[in-house]
Amino acid sequence: MVVLLLLLQLAAPGALSPEATSREGAEALRVQSAVLAASGDTTGAIAALDASLSGGWKSPQALLALGRIHLAQGEAGAAVLALERAARLAPADVDIATARNAAYALARQAPPNVPPPFVASRAVTSRIGAGLLVVLALTLYLGTLLLGAFWRRQRHRRPAPLAGWAALGLAPLALGALILAGLALWDAGQPRAVALVTVDVRERPAPEAAGAGAIRAGEVVDVGETRGLWRHVETGNAEGWVPARAVERL
Numbered sequence: 001m002v003v004l005l006l007l008l009q010l011a012a013p014g015a016l017s018p019e020a021t022s023r024e025g026a027e028a029l030r031v032q033s034a035v036l037a038a039s040g041d042t043t044g045a046i047a048a049l050d051a052s053l054s055g056g057w058k059s060p061q062a063l064l065a066l067g068r069i070h071l072a073q074g075e076a077g078a079a080v081l082a083l084e085r086a087a088r089l090a091p092a093d094v095d096i097a098t099a100r101n102a103a104y105a106l107a108r109q110a111p112p113n114v115p116p117p118f119v120a121s122r123a124v125t126s127r128i129g130a131g132l133l134v135v136l137a138l139t140l141y142l143g144t145l146l147l148g149a150f151w152r153r154q155r156h157r158r159p160a161p162l163a164g165w166a167a168l169g170l171a172p173l174a175l176g177a178l179i180l181a182g183l184a185l186w187d188a189g190q191p192r193a194v195a196l197v198t199v200d201v202r203e204r205p206a207p208e209a210a211g212a213g214a215i216r217a218g219e220v221v222d223v224g225e226t227r228g229l230w231r232h233v234e235t236g237n238a239e240g241w242v243p244a245r246a247v248e249r250l
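In the numbering used here, the protein residues as written are 1 to 250.
Calculated from the structure, these hints are not laboratory results. No residue lacks a Cβ here, since even glycine has one placed at the ideal position from N, Cα and C. Each hint can be trusted.
Computed Cβ-Cβ distance ranges for the label pairs, DEER-style:
#1 L146 / P116: 27 to 33 Å
#2 R227 / A123: 34 to 40 Å
#3 T139 / S39: 48 to 54 Å
All chains, please: the whole structure from these sequences, using the hints.
Quick look at the structure:
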């Protein structure tokens, strides 16, 4: 029951969905940004890409283009943010993976290791969308239950071996789909952010508070609550408060 509730939450409109009604407009803005970048207008290109990504449709190619511009300008934090987002949408894209590694190298950070099950989950959701993955998982799961129940009811009356074999065949597919959908939900719920700039971490949400370390531009951190203009962050080397504008959620 808990698994079903979580999957229904993931299937809610807009949850993790890579599709949006503004896709055509977003793609047109991405093409326009390429023209602007080719003419040397990087400010206009960034503005066009930001506008392209502001709607529901998140294009990995737009994020790749944005990350490359920030890379060329030496902006490690913004480059890591854009390319990490792109890698989550298209984990198998070689160009994105290469640019992502370059962004982390610019930030002097090691790229976070992504376990293979999460790579598989991201690859599936990037192809069919998380919503369709959840519908598929629920359909397979309920189909397995119904076939199994039908087989159990009929086995003492009129044997239905096909229903039993069909339930056995669907069971591993349903389990795999449920696992992938659950991983997608867990992955999306992780409170991860990227430091846009190098900033000192404070023990309290106040500029006069004692220092508790620092985070570097491009560093991936865990984020917590927000208090006013401050946000709680945690890394392997520091824990405390930084200006909220210094980090941005993935």
